[in-house]
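Read top to bottom, the protein sequences are chains A and B. Here the first sequence stands for residues 1153 to 1603, numbered as in the working numbering. Here the second sequence stands for residues 372 to 995, numbered as in the working numbering.
Think of the hints as simulated: they come from the structure by calculation, not from any bench. All C-beta atoms in this analysis are idealised placements derived from N, C-alpha and C, irrespective of residue type, glycine included. Take the hints with a grain of salt, since some may be wrong.
The following residues of chain A were derived to be distant from chain B, with all beta-carbon distances above 12 Å [claimed, not checked]:
1. Lys1185
2. Leu1216
3. Ile1240
4. Tyr1251
5. Ile1273
6. Asp1344
7. Glu1460
8. Leu1522
9. Leu1556
10. Asp1571
11. Ser1574
When the alpha-carbon atoms are kept at most 27 Å apart in a straight line, the in silico DSS-like pairs for lysine-lysine are as follows [what the hints assert, rightly or not]:
12. A:Lys1345 <-> B:Lys455
13. B:Lys920 <-> B:Lys906
14. B:Lys920 <-> A:Lys1340
15. B:Lys629 <-> B:Lys730
16. A:Lys1341 <-> B:Lys662
17. A:Lys1573 <-> B:Lys477
18. B:Lys629 <-> B:Lys473
19. B:Lys884 <-> A:Lys1573
Across the chosen pairs, the derived CB separations fall in these ranges [claimed, not checked]:
20. A:Lys1340 <-> B:Glu860: 52 to 62 Å
21. A:Ala1320 <-> B:Lys545: 34 to 44 Å
22. B:Lys768 <-> A:Lys1340: 49 to 59 Å
23. A:Glu1354 <-> B:Pro609: 47 to 57 Å
24. B:Lys793 <-> A:Ala1320: 27 to 37 Å
25. B:Gly558 <-> A:Val1206: 57 to 67 Å
26. B:Ile561 <-> A:Ala1320: 24 to 34 Å
27. B:Lys488 <-> A:Lys1340: 58 to 68 Å
28. A:Ala1320 <-> B:Arg537: 11 to 21 Å
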Amino acid sequence: MDTTIAAISTSLSPSSISIIRVSGKDAISITNKIFKGKDLDKVKSHTINYGYIVDNDEIVDEVLVSVMRAPKTFTMEDVTEINCHGGIIPTKRVLELLYLNGCVPAEPGEFTKRAFLNGRIDLLEAESVMDLIEAKTDEMGAIAINQLSGQVSNMIKELRNEVMDVLANIEVNIDYPEYDDIEQITNKKVFDKLNNIKDKIEIILKNSENGQLYKTGIKTAIIGKPNVGKSSLLNNLLEEEKAIVTDIEGTTRDIVEGQINLNGVILNLIDTAGIRKTNDIIEEIGVNKSIKMIEEADLILYLLNNNEEITENDIKLINEIKNKNHIIIINKIDLENKLNIDNLNLDNVIKISIKENTGIDDLKNKIIELFNLNKITNKDMKYLTNARSISLLRQSLDIVNEILSNNYEDVLIDMLEIDIKSLWEKLGSIIGETYDDELIDQIFSRFCLGK
Amino acid sequence: MKYEIIVVGGGHAGCEASLACARKNHQTLLITGNINNIADMPCNPSIGGSAKGIVVREIDALGGEMGKNADKAQIQIKMLNYKKGPAVQALRAQADKITYPKEMLKTLKSTKNLEIKEAMVEDLIVSDNKIKGVILSNGEKIYCDALILTTGTYLKADILVGNTRRREGPHGEKPSNYLSDNLKKLGFKIKRLKTGTPQRIAKDSIDFEKTKIEYGDDTYHTFSFDDKPNYKIEDQIPCHLVYTNALTHKIIRDNLSKSSMYGGLDDIEGVGPRYCPSIEDKVVRFADKEKHQLFLEPESLYYDDIYIQGFSTSMPHDIQEEMVHSIVGLEHAKILKYAYAIEYDAIYPTQLKRSLETKIIENLFTAGQINGTSGYEEAACQGLIAGINASLKLEGKEPLILKRNEAYIGVLIDDLVSKGIKDPYRLLTSRAEYRLLLRHDNADLRLREHGYQVGLIDEERYQKYLDKIKDIEKLKEELKITKLKPTEEVNNYLISLSSAPLKDGISLYDLLKRTEINFENIEKYFKFDYDDEIKEEVLIQIKYEGYIKKANAEALKMIKLENQKIPDDIDYQKIRNIASEARQKLEEVRPESIGQAIRISGVNPTDISILSVYIKKEYRNEQR
Chain A
1153 MDTTIAAIST SLSPSSISII RVSGKDAISI TNKIFKGKDL DKVKSHTINY
1203 GYIVDNDEIV DEVLVSVMRA PKTFTMEDVT EINCHGGIIP TKRVLELLYL
1253 NGCVPAEPGE FTKRAFLNGR IDLLEAESVM DLIEAKTDEM GAIAINQLSG
1303 QVSNMIKELR NEVMDVLANI EVNIDYPEYD DIEQITNKKV FDKLNNIKDK
1353 IEIILKNSEN GQLYKTGIKT AIIGKPNVGK SSLLNNLLEE EKAIVTDIEG
1403 TTRDIVEGQI NLNGVILNLI DTAGIRKTND IIEEIGVNKS IKMIEEADLI
1453 LYLLNNNEEI TENDIKLINE IKNKNHIIII NKIDLENKLN IDNLNLDNVI
1503 KISIKENTGI DDLKNKIIEL FNLNKITNKD MKYLTNARSI SLLRQSLDIV
1553 NEILSNNYED VLIDMLEIDI KSLWEKLGSI IGETYDDELI DQIFSRFCLG
1603 K
Chain B
372 MKYEIIVVGG GHAGCEASLA CARKNHQTLL ITGNINNIAD MPCNPSIGGS
422 AKGIVVREID ALGGEMGKNA DKAQIQIKML NYKKGPAVQA LRAQADKITY
472 PKEMLKTLKS TKNLEIKEAM VEDLIVSDNK IKGVILSNGE KIYCDALILT
522 TGTYLKADIL VGNTRRREGP HGEKPSNYLS DNLKKLGFKI KRLKTGTPQR
572 IAKDSIDFEK TKIEYGDDTY HTFSFDDKPN YKIEDQIPCH LVYTNALTHK
622 IIRDNLSKSS MYGGLDDIEG VGPRYCPSIE DKVVRFADKE KHQLFLEPES
672 LYYDDIYIQG FSTSMPHDIQ EEMVHSIVGL EHAKILKYAY AIEYDAIYPT
722 QLKRSLETKI IENLFTAGQI NGTSGYEEAA CQGLIAGINA SLKLEGKEPL
772 ILKRNEAYIG VLIDDLVSKG IKDPYRLLTS RAEYRLLLRH DNADLRLREH
822 GYQVGLIDEE RYQKYLDKIK DIEKLKEELK ITKLKPTEEV NNYLISLSSA
872 PLKDGISLYD LLKRTEINFE NIEKYFKFDY DDEIKEEVLI QIKYEGYIKK
922 ANAEALKMIK LENQKIPDDI DYQKIRNIAS EARQKLEEVR PESIGQAIRI
972 SGVNPTDISI LSVYIKKEYR NEQR
């Protein structure tokens, strides 16, 4: 790692400030070459310095440069951060000047990779840097920071220690078969301990699913027959909460129409593109398509018109959503009640009038209640937030379940031990304590440019 | 005088080493301090035990001598961990301390190409970092092409009792005072180690009424795959069990400062074995234990010494008297030999290649306690490998390197050269990651091919092994095609065995997978004309098929990492981002592969990531 790397670490948009990060042994001297102001080679570490970036004598941009010397930096190398104020074009020119003076473009994820390779952060922490960059709400950021500070690593370490205790006990009994003064760890005891470990993993996984909501958001589908008020509801929610992005392509092939921040959790309103254009969603795409949307969504908002009688299609679709997170919204309560649903035994019913803007808060509170959003506090966020960690923990749970599916009287202790050891290693791979070549490549290829 | 190979030291490592070389038709000289001490058992009167018993089987599979010799000398034998599963079962025999060395000496003397000489080696003849011979204490020079040092605990040996230190080897033998200094001059790093042995007491002074009797097994066993049992179950000599008590512990605690290891001597450098602690250590470290087990083991049929296994100590004699007499059953015991600790020099085993050749002197091999191990079996297997590899080297062939998934011997040697040692290394089953593959029963299936390839297994024994493999496959095939039908009689029988009744026909192969079903159960319906040994092997392979597959998959991952080679000329100073402890360890061990590097203690997964990134990218760039 002899090179000095540079990249724009904020998203390149016409925002007011862009930050260019430079890391490597020549970070300060290269920056100094194009900086007009104090001599950066001589300023104290961890200072912010005002001045200009110049190309020969021409001023390119007015900047603030943070100078941070190794080892107390994110990469444990010398780092400068140039805050550019002039928008996209000057920022790009500053970057080009850095390249001309000896920096090389950072590969995807290279800053984090260096931090990892220099021993600054562990694997799980490296991953959470990614989450932090992608964080769209403060709560998401809080979880990522939590993971960065190693709290989650500690939690997995504790679990691993418990597994190690079981292993150590088994091995002592095998190695010193005739010493009856060492606790004979019977299968029963092993199973009791594993049951205990299983409970703990399950709790973390359950918490993690909620944590996952912070990251990916809740896929929400608004369904109902024409003119029931779907687009009005969408617009009402979006306007009030100020849509964060519109028309972005999600990770799946879903079109996300808009995103709403609800208690720090993102509601992704999916596949509603047609609503505003045609107003005829059920007629046009049919009941079957609606069923498909229901299958894919985490939350279904089903709209009924207070002023009309319920249809066969409504009853059919309401049946489909019964086992999913759903809210049945009766709109147009300002009009006369013609809807009779008393004999349908529905739960999660909210009455609103979008026209008069009543009941919208009840709807939001219902969503919060459904997903326990008020219980997710970022103070004690001991859970995993990325898919890799969760999947590995799930695999760990599978191993425990496989062991426990045996009758404890039938299994031989040294066979059990093989599975318990693989459990220990699986847990280790979550926090990078089990070396895995492919995993490291895979993770770094995920990192975006700049961090 | 010139020999092809010289072996220095006639203990368990030296015997195996010299036999292997001579049997591979190399002119071999075994130099020992005292010919009457060949294959001596200065500590416990037993061969085998947990993990160690499997090593003895491996030695036998490769064509070594220990298993055969133990079969000749055993006076009691049993299978340990019988109920804990096939992967941890191991044989242990009480071996007669007169018969064992006598039989081994007989074998050595009758082996072609092997001479034995009584002498002390003081220095090595080395030129251009290549071994040329040895210099004896009388100044005589003997030349050789390869040298194997198996000096045991004799390098600068000191016997420690209470506050006394005497320069002598076990049984008052002459120690080797100069060799380790000369090794140091050649550039070897030397480490001081310590071990100990308990008292021997007179058999007729023990009150056996107050002890618990421990018999051998009532089934027949042999260590060697080629031996048939030649003993009678009823002739086996039992051991006896006694316990320490509060009084014993009080005596130890009150006199702790008199123990050599706890202040009696202030110049102790040697590190004692963690896994074979002295009774002082046990009382101090496990203060809450009310009692510790002690086994009374007969040393020989030809004299009356009884070994008190578990009571090793370096207390002064008067305290030892008190300690022994505090034990129920030993109130009037007469101590024939006092317990002592012994301190000796060893070389850091990270200075060895996996062939057991030293890295700095070509054709110099070391094996046994000089490499920092403890135990007869650990020594013997290294001696065998050093003997094989010294011979192969002279023959211009690649060394025999056993992998961790192939043999406990592979685990032991890889641990030594990769991890080094802090205290005398004892083999434990827990050191083997793939121990389900490294079983007592399949040692021949794992290793006999190697033994044949290196020339220690003759055609006749090899053919027997090939026949065994054939029989195993044949029997498995027959079990797969033979089906049991769900008749009422069959189902009633299954129910009587607490086994689920059948709905459809089932192959015997699948039926045997049931925990509660054994060969004798299915032989109620179908007879199979195979040796018990074959049936046992097949049964294990069927019953644990799933687990064996898992273990094989794990082993494959390891092999993949072993195949990621680290270039010989890598300069660890150039990889600037690894932790300094890791750099130092990597520099010291110079692992051959990423797989080996992972096992070095002090090298973390992060360091490995950096190392592999460096090899993949920067090292290659530098080569361009």
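Now the hints, each set against the structure:
1. With a cut of 12 Å on Cβ distances, Lys1185 of chain A stays outside the contact zone with chain B, its closest approach being about 24 Å.
2. With a least beta-carbon separation of about 30 Å from chain B, Leu1216 of chain A lies farther than 12 Å from that chain, consistent with its non-interface assignment.
3. Listed as outside the interface, Ile1240 of chain A is consistent with that label: its C-beta sits roughly 33 Å from the nearest C-beta of chain B, beyond the 12 Å cut-off.
4. Against chain B, the non-interface label of Tyr1251 of chain A holds: every CB pair exceeds 12 Å, the least being about 20 Å.
5. The claim that Ile1273 of chain A lies off the interface is violated: its Cβ sits roughly 10 Å from the closest Cβ of chain B, which falls inside the 12 Å cut-off.
6. With a minimum CB-CB distance of about 19 Å to chain B, Asp1344 of chain A clears the 12 Å threshold, and the non-interface call stands.
7. Non-interface call for Glu1460 of chain A relative to chain B: holds, since the shortest CB-CB distance, roughly 57 Å, exceeds 12 Å.
8. With 12 Å as the threshold on Cβ separation, the claim that Leu1522 of chain A sits away from chain B holds: the shortest Cβ distance comes to roughly 41 Å.
9. At roughly 16 Å from the closest C-beta of chain B, the C-beta of Leu1556 of chain A stays outside 12 Å, upholding its exclusion from the interface.
10. Not every CB of chain B is more than 12 Å from the CB of Asp1571 of chain A (nearest about 8 Å), against its label as outside the interface.
11. Listed as a non-interface residue, Ser1574 of chain A fails to keep its Cβ farther than 12 Å from every Cβ of chain B; the least gap is roughly 7 Å.
12. The hinted pair formed by Lys1345 of chain A and Lys455 of chain B meets the criterion: a straight-line CA distance of about 19 Å does not exceed 27 Å.
13. Distance check on the hinted pair: Lys920 of chain B and Lys906 of chain B sit about 20 Å apart at the alpha-carbon level, within 27 Å; holds.
14. About 25 Å separates the Cα atoms of Lys920 of chain B and Lys1340 of chain A, which keeps this hinted pair within 27 Å; it holds.
15. For a cut-off of 27 Å, the pair hint linking Lys629 of chain B to Lys730 of chain B is broken: about 42 Å separates their Cα positions.
16. A hinted pair counts as satisfied when its Cα atoms are at most 27 Å apart, and Lys1341 of chain A with Lys662 of chain B qualifies at roughly 24 Å.
17. Only pairs whose Cα atoms come within 27 Å are accepted, and Lys1573 of chain A paired with Lys477 of chain B is rejected, the gap being roughly 46 Å.
18. For the proposed pair Lys629 of chain B and Lys473 of chain B, the alpha carbon gap of about 38 Å is over 27 Å, so the pair is violated.
19. Between Lys884 of chain B and Lys1573 of chain A, the direct Cα distance comes to roughly 23 Å. Compliance with the 27 Å bound is thereby established for this hinted pair.
20. Range check, Lys1340 of chain A to Glu860 of chain B: about 35 Å between beta-carbon atoms, so the 52 to 62 Å window is missed.
21. The hint said 34 to 44 Å for the Cβ distance between Ala1320 of chain A and Lys545 of chain B, and at roughly 43 Å that hint holds.
22. The hint said 49 to 59 Å for the Cβ distance between Lys768 of chain B and Lys1340 of chain A, and at roughly 53 Å that hint holds.
23. Taking 47 to 57 Å as the suggested C-beta distance range, the pair Glu1354 of chain A and Pro609 of chain B conforms, at roughly 51 Å.
24. In this structure the supplied range 27 to 37 Å is violated for Lys793 of chain B paired with Ala1320 of chain A, their Cβ-Cβ distance being about 18 Å.
25. Restraint check, Gly558 of chain B to Val1206 of chain A: a C-beta distance of roughly 59 Å satisfies the suggested window 57 to 67 Å.
26. In this structure the hint that Ile561 of chain B and Ala1320 of chain A lie 24 to 34 Å apart at CB holds, the actual value being about 33 Å.
27. Hint check: Lys488 of chain B to Lys1340 of chain A, Cβ distance near 60 Å, so the stated range 58 to 68 Å holds.
28. Judged by the Cβ atoms, the range 11 to 21 Å given for Ala1320 of chain A and Arg537 of chain B is violated: they are separated by roughly 39 Å.
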